[in-house]
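Visitor: This is what each chain is made of:
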Amino acid sequence: AQTVTQSQPEMSVQEAETVTLSCTYDTSESDYYLFWYKQPPSRQMILVIRQEAYKQQNATENRFSVNFQKAAKSFSLKISDSQLGDAAMYFCAYRSGLNFGNEKLTFGTGTRLTIIP
Amino acid sequence: DVKVTQSSRYLVKRTGEKVFLECVQDMDHENMFWYRQDPGLGLRLIYFSYDVKMKEKGDIPEGYSVSREKKERFSLILESASTNQTSMYLCASSPGTAAPSEQYFGPGTRLTVT
Chain A
1 AQTVTQSQPE MSVQEAETVT LSCTYDTSES DYYLFWYKQP PSRQMILVIR
51 QEAYKQQNAT ENRFSVNFQK AAKSFSLKIS DSQLGDAAMY FCAYRSGLNF
101 GNEKLTFGTG TRLTIIP
Chain B
1001 DVKVTQSSRY LVKRTGEKVF LECVQDMDHE NMFWYRQDPG LGLRLIYFSY
1051 DVKMKEKGDI PEGYSVSREK KERFSLILES ASTNQTSMYL CASSPGTAAP
1101 SEQYFGPGTR LTVT
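Protein chains in written order, with our numbering: chain A, 1 to 117; chain B, 1001 to 1114.
Hints may contain errors.
As the list claims (entries may be wrong) - Each computed DSS-like pair below joins lysine-lysine, with the alpha-carbon atoms no more than 30 Å apart:
hint, chain 1, residue 1, chain 2, residue 2
1, A, Lys73, B, Lys1057
2, A, Lys104, A, Lys55
3, A, Lys78, B, Lys1057
4, B, Lys1057, A, Lys104
What the hints assert, rightly or not - The following residues of chain A were derived to be distant from chain B, with all beta-carbon distances above 12 Å:
hint, residue
5, Val13
6, Val19
7, Thr27
8, Ser42
9, Ser65
10, Asn67
11, Ser80
12, Arg95
13, Glu103
Claimed, not checked - Here are the computed distance ranges between Cβ atoms for each label pair:
hint, chain 1, residue 1, chain 2, residue 2, range
14, B, Glu1017, A, Ser74, 38 to 46 Å
15, B, Leu1041, A, Asp31, 23 to 31 Å
16, B, Met1027, A, Lys73, 27 to 35 Å
Don't read these hints as lab results, they were simulated from the structure. None of the values given here were measured: they were computed from a predicted structure. Glycine is no exception: its CB is placed at the ideal position from the N, C-alpha and C atoms.
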């Protein structure tokens, strides 16, 4: 079974600075997908960014980018120019590349990010 | 916009009660999911459904059952609620197309069992 580990329960960053959230995973599969989800306080979870394992290029979405190291099974999220609205719980998630149409996700335990004004 | 709604934001039930948590999505998604979220444990999959009347157990199905009679609605049932089922319950849906797509989450139901 796949496992996802987020070793930083809490992180804080000064507004406008850059922060990196860590995620490692364990799998024997070669085809899979990785996601970062954001859960703001009292609001719904939303997708931040996704990465296909077969793509070598790291995904980016505006101020959010990932550092995907397939050999090391590492998938960190970098948030540049942090804003107050980035304060949230961030979850790393893994999805097998098998069984298209069956999209089970395995989540990490989350990192609570605080933005310091 | 995809909308996933859950019947209650907060629910308080007594031990032994039968509890129904309802989830509705409005985007004709094939897949629907129920997770529970606990501090320090992240989200854990309880059950999921990839078609009407189809269901599969997730990682922690014990003490729960589900029902999906219509495509847009996925219900989580606690047959006899216990205090260790006090938690935040999140419903999600996804299209189920060949290309992996994101899951869309509801606002959650915080259930307290006393």
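Visitor: Decide, holds or violated, for the assertion that all CB atoms of chain B are farther than 12 Å from the CB of Ser42 (chain A).
Guide: violated (8 Å)
Visitor: Against chain B, does Val19 (chain A) keep a CB gap of more than 12 Å to every residue?
Guide: Given that every Cβ of chain B is farther than 12 Å from that of Val19 (chain A), nearest at about 20 Å, it holds.
Visitor: Check the non-interface label on Val13 (chain A): least C-beta distance to chain B beyond 12 Å or not.
Guide: holds (21 Å)
Visitor: Using Cβ atoms and 12 Å as the threshold, tell me whether Thr27 (chain A) really stays out of contact range of chain B.
Guide: At roughly 15 Å from the nearest Cβ of chain B, Thr27 (chain A) sits farther out than 12 Å, so the non-interface label holds.
Visitor: So does Met1027 (chain B) sit 27 to 35 Å from Lys73 (chain A), Cβ to Cβ?
Guide: holds (33 Å)
Visitor: Would the non-interface assignment of Glu103 (chain A) survive a Cβ cutoff of 12 Å against chain B?
Guide: The claim is violated: Glu103 (chain A) sits with its nearest Cβ about 5 Å from chain B, within 12 Å.
Visitor: Would you mind confirming whether the straight-line C-alpha gap from Lys104 (chain A) to Lys55 (chain A) stays at or under 30 Å?
Guide: Holds, because 21 Å separates the two Cα atoms, which is no more than 30 Å.
Visitor: Just to be careful, I want the Cα atoms of Lys78 (chain A) and Lys1057 (chain B) compared with a cutoff of 30 Å; is the pair within it?
Guide: Judged against 30 Å, a Cα distance of about 34 Å means the pair is violated.
Visitor: Examine each Cβ of chain B, and state whether all of them lie more than 12 Å from the Cβ of Ser80 (chain A).
Guide: The claim holds: Ser80 (chain A) sits with its nearest Cβ about 22 Å from chain B, beyond 12 Å.
Visitor: Does the Cβ pair Glu1017 (chain B), Ser74 (chain A) satisfy 38 to 46 Å?
Guide: holds (45 Å)
Visitor: Is the nearest Cβ of chain B still more than 12 Å from the Cβ of Asn67 (chain A)?
Guide: holds (21 Å)
Visitor: CA of Lys73 (chain A) to CA of Lys1057 (chain B), is that 30 Å or under?
Guide: holds (27 Å)
Of the numbered hints given earlier, the model fails hints 3, 8, 12 and 13; all others are met.
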